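4 protein chains.
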Amino acid sequence: MKAQRVELLVCPMATPADTEGLQKLADLGKIKTETLVALVGKTEGTGAHDDWGRVWADVALREWTARFLGISPNEVAKQVIFVLSGGCPGVITPHIAAVTREWVDVPDDTAGEDKRLVVGRAGSDPMPPEEVGRMGQIRKVAEATHHAMADAGLTDPEDVHLVMVKVPGLTTASIKDAESRGKTVVSHDLTFGPEGAGAYANDAAALGVAMALGEVPEASLSDDVVRRNWDLYSNVAMTSSGGEKRHGEVVVFGNSVESRSELRIGHSVTKDFIDAEGVRNALRSAGLTFNGLPSETDLSRLVHVFAKSVIPGSDRIRGQRITLLDDTDAYQIGKALGGMLVASVTGRTTNYVSGGERNSHQGPPGGNIVAAVVRADG
Amino acid sequence: MKAQRVELLVCPMATPADTEGLQKLADLGKIKTETLVALVGKTEGTGAHDDWGRVWADVALREWTARFLGISPNEVAKQVIFVLSGGCPGVITPHIAAVTREWVDVPDDTAGEDKRLVVGRAGSDPMPPEEVGRMGQIRKVAEATHHAMADAGLTDPEDVHLVMVKVPGLTTASIKDAESRGKTVVSHDLTFGPEGAGAYANDAAALGVAMALGEVPEASLSDDVVRRNWDLYSNVAMTSSGGEKRHGEVVVFGNSVESRSELRIGHSVTKDFIDAEGVRNALRSAGLTFNGLPSETDLSRLVHVFAKSVIPGSDRIRGQRITLLDDTDAYQIGKALGGMLVASVTGRTTNYVSGGERNSHQGPPGGNIVAAVVRADG
Amino acid sequence: MKAQRVELLVCPMATPADTEGLQKLADLGKIKTETLVALVGKTEGTGAHDDWGRVWADVALREWTARFLGISPNEVAKQVIFVLSGGCPGVITPHIAAVTREWVDVPDDTAGEDKRLVVGRAGSDPMPPEEVGRMGQIRKVAEATHHAMADAGLTDPEDVHLVMVKVPGLTTASIKDAESRGKTVVSHDLTFGPEGAGAYANDAAALGVAMALGEVPEASLSDDVVRRNWDLYSNVAMTSSGGEKRHGEVVVFGNSVESRSELRIGHSVTKDFIDAEGVRNALRSAGLTFNGLPSETDLSRLVHVFAKSVIPGSDRIRGQRITLLDDTDAYQIGKALGGMLVASVTGRTTNYVSGGERNSHQGPPGGNIVAAVVRADG
Amino acid sequence: MKAQRVELLVCPMATPADTEGLQKLADLGKIKTETLVALVGKTEGTGAHDDWGRVWADVALREWTARFLGISPNEVAKQVIFVLSGGCPGVITPHIAAVTREWVDVPDDTAGEDKRLVVGRAGSDPMPPEEVGRMGQIRKVAEATHHAMADAGLTDPEDVHLVMVKVPGLTTASIKDAESRGKTVVSHDLTFGPEGAGAYANDAAALGVAMALGEVPEASLSDDVVRRNWDLYSNVAMTSSGGEKRHGEVVVFGNSVESRSELRIGHSVTKDFIDAEGVRNALRSAGLTFNGLPSETDLSRLVHVFAKSVIPGSDRIRGQRITLLDDTDAYQIGKALGGMLVASVTGRTTNYVSGGERNSHQGPPGGNIVAAVVRADG
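Residue numbers (my numbering), protein chains in the order written: chain D, 2 to 379; chain B, 2 to 379; chain X, 2 to 379; chain F, 2 to 379.
Please note: incorrect hints may appear among the correct ones.
Because identical chains cannot be distinguished in the list, a pair is counted as satisfied if it fits within a single copy or across any two copies.
[What the hints assert, rightly or not] Straight-line Cα separation of at most 30 Å, DSS-like style, residue types lysine-lysine; simulated pairs:
id, residue 1, residue 2
1, Lys177, Lys272
2, Lys79, Lys184
3, Lys79, Lys272
4, Lys33, Lys79
5, Lys184, Lys272
6, Lys79, Lys177
Because the hints were derived from the structure by calculation, they are not lab data. Small disclaimer: the values here were computed from a predicted structure and weren't measured.
Sequences and hints are given; from them, build the entire structure.
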């Protein structure tokens with residue numbers, strides 16, 4: 002019997018095009034051509050629509066991966082899933098995490114004693130601009146999520162702790178394309194603002210995950226609920242979007258008794274925007290056991306944290322007014338604040354934190370999803 | 002013998018000109034014409050140079066206070082110190098805290114069992130634009146700090162836990178004025194950027210406090226050390242500046258056995274930008290006793306937190322690179338991050354958090370000052 | 002017979018609350034309690050949603066007007082229309098223009114030799130948040146436009162050269178109000194972005210004017226065409242919106258043979274975003290006659306210019322790509338660019354220029370409306 | 002005798018890494034390996050310190066040029082000067098202009114009838130961070146300017162109409178490097194703000210040009226005059242800076258009777274920030290003859306415009322206050338306004354416009370340099 006052994010290797014990046022960390026891992030044999038399944042990271046820059054940091058990082062990482070795999074850059078997407086989230090304001094260190102999966106031979110009858118990390122990935126069918134932020138995108142993400150779960154060897158949605166999705170957003174050009182074919186698009190706003198195409202794309206992707214995992218019944222879904230009915234959401238979907246994409250890409254992380262990984266994943270949801278305990282709960286869910294605050298030893302077992310930092314739709318936190326919804330730079334500030342919430346708990350800045358949008362189907366109203374990967378002890 | 006009884010009353014504000022909370026306190030007799038000594042708050046808006054929220058709040062609060070005291074707005078500054086810090090990005094609720102001081106009769110020989118909150122204030126001599134950010138401003142703030150300590154009845158610098166200072170900054174008009182008189186000014190940059198006049202003004206004020214409290218020997222001070230020698234700093238100075246000011250204003254908070262206040266103040270310094278434990282240490286310094294995390298009961302005794310959120314001068318936190326120094330909106334983001342650090346510990350958003358400047362003489366390099374006021378138990 | 006004599010008096014403002022210029026005009030008798038019909042101006046600040054400059058200006062001007070008229074600030078709106086547009090980036094001098102209308106006795110049979118400036122104004126019925134950006138707002142603006150034309154003594158739409166409208170926008174609070182009553186709102190985006198509530202409000206107001214003037218047939222209007230069908234537009238509507246408004250306010254400017262004003266108004270439309278000739282055509286329309294460039298003498302007769310600066314919906318100007326649609330600060334930049342286009346023609350910075358939104362029903366696709374008021378010669 | 006034949010070929014770019022236009026020119030033989038002397042352009046993005054558009058463009062263009070020349074990217078700087086100015090806000094089309102110089106045989110005694118375009122370039126000695134914005138940088142730019150003039154065959158400064166310079170700025174890393182060696186740097190502010198390192202670098206470069214051309218006597222130059230004595234300036238220097246540079250690069254454009262180019266260059270200076278006539282004067286200086294406005298035929302002969310858009314140091318334009326000095330986004334807005342001023346005259350958006358800094362030694366106080374290249378008629 003073949004069992005997975007999954008690793009997560011975090012490389013800080015010195016510039017958007019810095020592939021030194023990856024190359025070093027490759028040189029050390031920690032990343033092999035047959036084991037690399039995903040690159041997940043945060044790229045520096047503003048994360049705004051006119052930020053070229055993420056685009057450049059995507060190009061540079063794709064070229065590096067192509068050279069590493071000995072294939073052409075256009076072929077990379079078929080073998081390695083890229084999830085790059087733009088914008089590292091504040092205390093989020095630009096970094097790339099390589100996800101590797103090795104298949105090891107194990108005796109047929111020896112399931113692991115406890116559940117350990119598995120990973121699966123899948124690409125979706127192409128998503129034309131008229132589907133962005135709508136049922137077309139939802140359904141294609143749901144389908145790809147099913148494929149990625151199967152690839153991970155997961156069948157029970159309860160074992161899924163994180164689904165990262167990258168989907169196409171809209172651009173001036175793709176809107177023009179859609180409308181020239183007589184189609185409408187969900188929004189003419191290219192930002193991640195409350196009615197922005199980026200926000201719609203992210204949220205359709207989240208609902209696609211929720212549909213796949215049964216968090217939301219398919220019957221309750223329609224174009225009209227996206228960014229309107231906040232009672233529909235996923236607790237494990239982290240999604241982002243980019244204008245340059247044509248397909249969706251899905252990476253599922255979960256735990257399985259059939260895994261031989263040293264790692265385990267867990268997740269939780271913050272109860273509101275300032276809830277540090279929600280972050281600690283994610284560490285606990287992944288297997289760290291502590292009262293109050295995690296110790297240095299606990300934190301030394303922490304491998305990585307993935308968190309969303311969606312701005313709440315309400316202008317109140319615990320009864321008091323905040324101005325975040327009205328702040329001019331709210332997209333940047335909201336993302337930065339999530340970075341601080343996580344860093345102040347983990348004691349490190351190399352956390353994956355994406356967000357800044359106002360409200361989302363990623364997590365319940367006001368709350369945010371946090372997933373943690375820890376090295377199992379013993 | 003007369004002893005002080007100091008109260009701190011926090012009123013969230015719905016708009017920059019909202020004085021309803023103050024009026025309600027006045028109607029309830031909690032603020033009296035003879036007890037109001039200071040208004041300290043955070044005003045909404047960007048906090049940037051073209052933000053009119055703080056200016057409007059200043060005008061509205063000054064008019065309210067003038068009506069309340071039955072004097073003209075121009076006379077208000079002689080009786081009540083205003084410290085308004087602009088910019089509430091993220092999770093900082095716009096609010097005003099009224100500081101009241103009542104003098105109560107106590108038997109001559111009964112010093113309190115423990116030290117409790119006292120407050121003192123003083124205005125400085127006028128500071129012309131050519132003194133902003135330089136020794137002239139440093140010396141005048143030091144002198145006013147001495148006066149404010151005397152007004153508080155404090156003699157030992159160890160008993161001083163917070164010195165809030167508001168000083169004149171520069172404006173296009175005041176620079177023109179200075180240069181027309183053949184004087185130079187410290188900077189032509191009107192922002193709070195690393196070479197901005199706002200940052201120089203804040204830092205000269207901080208060094209003035211440090212000089213007054215003996216944190217920095219006078220001999221080590223000169224125009225040249227401001228924003229250059231970061232080994233010189235105060236651990237209790239929180240300073241801000243505004244172009245419309247002509248004088249400095251100083252409020253000193255400390256503890257004294259001669260106080261009959263129900264409140265106690267303490268302070269601490271964070272070790273770096275993501276150090277939540279530093280915030281908890283400020284609560285402990287003020288008298289909350291807890292291991293790990295404060296309980297709800299502990300937090301119910303917390304009256305208010307004052308914190309700086311100065312951006313570190315280094316691009317590294319705990320060994321990893323961050324981009325905060327280069328972020329376009331760093332001034333906003335830096336301030337917002339401090340708000341999150343404090344709110345995630347206090348569980349509330351009505352905290353006074355000012356900052357955003359890169360590096361400061363307010364606190365040691367990389368660290369930030371946090372002061373907390375708690376209601377003493379028993 | 003009574004005939005109008007309309008004047009337009011432009012006062013630069015030194016701060017958002019500066020009413021000195023108006024007071025001086027009042028002291029000189031140029032503004033009288035019975036002649037003041039409107040205050041139209043540009044207020045400093047960012048013009049963004051968290052800019053308090055405009056709100057403060059509104060409060061200060063309303064208080065001044067109330068004192069001037071001897072009524073309460075709440076009553077001011079019934080007598081004087083306020084159209085304050087926020088944001089003076091670049092080369093737009095913050096200013097307020099007082100519009101006065103005197104009724105002079107003239108012999109019954111002496112119509113003027115040529116048409117001169119008349120003005121009329123009207124308030125609308127209240128517009129609840131659910132009507133913002135939709136037919137409700139369109140119809141109420143159309144109705145108010147008819148009333149304002151009647152007030153101006155205008156019947157032929159051809160004689161109308163400028164209709165300034167200020168309507169309610171949305172706020173976090175008003176959205177909550179609408180949704181608590183089971184209503185939907187047009188957008189949850191509070192900005193003037195492409196799907197922002199501010200843009201929808203402005204555009205519904207423009208279509209209301211277009212409907213009133215017959216520029217667009219009523220039958221072609223519906224909720225669905227707002228910010229979607231750009232073939233529907235007005236050539237004379239300049240609209241803005243603010244969250245604090247509850248009613249719409251309309252001021253109509255036109256020319257009439259029955260006027261005894263010294264002023265005349267004209268308007269034109271730019272053919273694209275860089276079309277300085279469009280600005281010059283507005284001057285010509287108002288009665289300046291020049292080839293090529295206006296002379297100093299021509300410009301000395303120019304009293305005021307009102308211009309929109311809507312960002313084109315296309316990313317091409319005269320065949321070349323621009324990035325304006327994607328620029329992070331496009332709202333500010335777009336408005337600033339209009340200010341430059343006008344100032345570079347008029348040779349002065351005290352022009353009323355509002356805009357920054359992407360695309361609008363104010364003017365044809367890509368083009369912007371410019372109206373000019375000149376002092377008639379002879 | 003060998004004579005120069007210089008061409009200027011403007012390629013709009015679709016992304017920061019778009020080299021298609023250059024490749025097409027190479028394929029057509031319009032750019033040859035032995036004729037390419039400089040690439041001068043505007044790159045998209047914000048132009049701010051965290052904008053990666055310019056860096057990416059630099060990398061991509063350098064790689065293309067290396068492939069084209071058959072050398073390594075590190076060798077490119079020795080053969081081709083790159084002047085890339087970041088930030089295309091508003092109506093500035095991202096583009097690259099290839100400057101080619103061919104040496105053609107001409108009879109020894111046949112000087113041209115009129116002066117035509119020549120070009121020369123030179124690199125400077127390396128400029129360590131401690132020299133940035135100071136005499137070290139000034140002198141090295143002056144020296145390189147002399148070399149570039151010699152390379153162009155120009156001896157009379159009157160024949161020089163444009164000197165483009167790119168010099169090293171400062172970065173967090175280079176400041177650290179300098180200070181670790183016991184050196185000071187001119188500023189800790191990495192922006193192009195009034196005390197920003199970027200502004201100091203640009204201005205030292207401008208004074209270097211002024212020194213070389215005799216516009217400013219060397220004796221009047223010192224570290225202290227940079228960004229302080231605005232009476233010292235160049236009328237032909239356009240400078241920019243980037244943290245990644247180690248050397249200065251200079252390209253001189255002028256006219257010479259020994260040239261066989263079809264092109265001619267001229268320049269002028271605007272009298273203030275809204276002076277469109279200054280732009281027209283640059284067209285006239287280059288050889289277009291028109292009264293009032295240039296005709297379509299005139300403009301068809303215009304090849305390219307290079308303009309600065311430095312924000313005036315005063316808050317007044319023609320007697321009226323503007324808020325540009327205080328605008329939060331002034332750097333972007335100021336640059337964008339220059340783009341509009343030029344585009345509204347040239348009727349096209351592919352103009353090179355750099356700027357946004359407050360005040361500069363590039364041009365006289367309040368005015369900006371404009372250079373124009375036209376195709377000579379007949």
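Quick rundown of the hints versus the structure:
In this assembly of identical chains, Lys177 and Lys272 lie within 30 Å of each other by CA distance solely across copies; the values are 21 Å between and 40 Å within a copy. For the homomeric pair Lys79 and Lys184, the shortest alpha-carbon distance inside one copy (29 Å) is at most 30 Å, but the shortest distance between copies (46 Å) is not. Proximity of Lys79 and Lys272 under a CA criterion of 30 Å is satisfied in neither setting, with 38 Å inside one chain copy and 46 Å between copies. For the homomeric pair Lys33 and Lys79, the shortest alpha-carbon distance inside one copy (16 Å) is at most 30 Å, but the shortest distance between copies (39 Å) is not.
Taking the shortest Cα distances, Lys184 and Lys272 sit within 30 Å of each other only across copies (28 Å), while inside one copy they are farther apart (39 Å). With identical chains, the CA atoms of Lys79 and Lys177 are at most 30 Å apart within one copy only, with a shortest distance of 28 Å there and 43 Å across copies.
Hint violations for this structure: number 3 only, all remaining hints satisfied.
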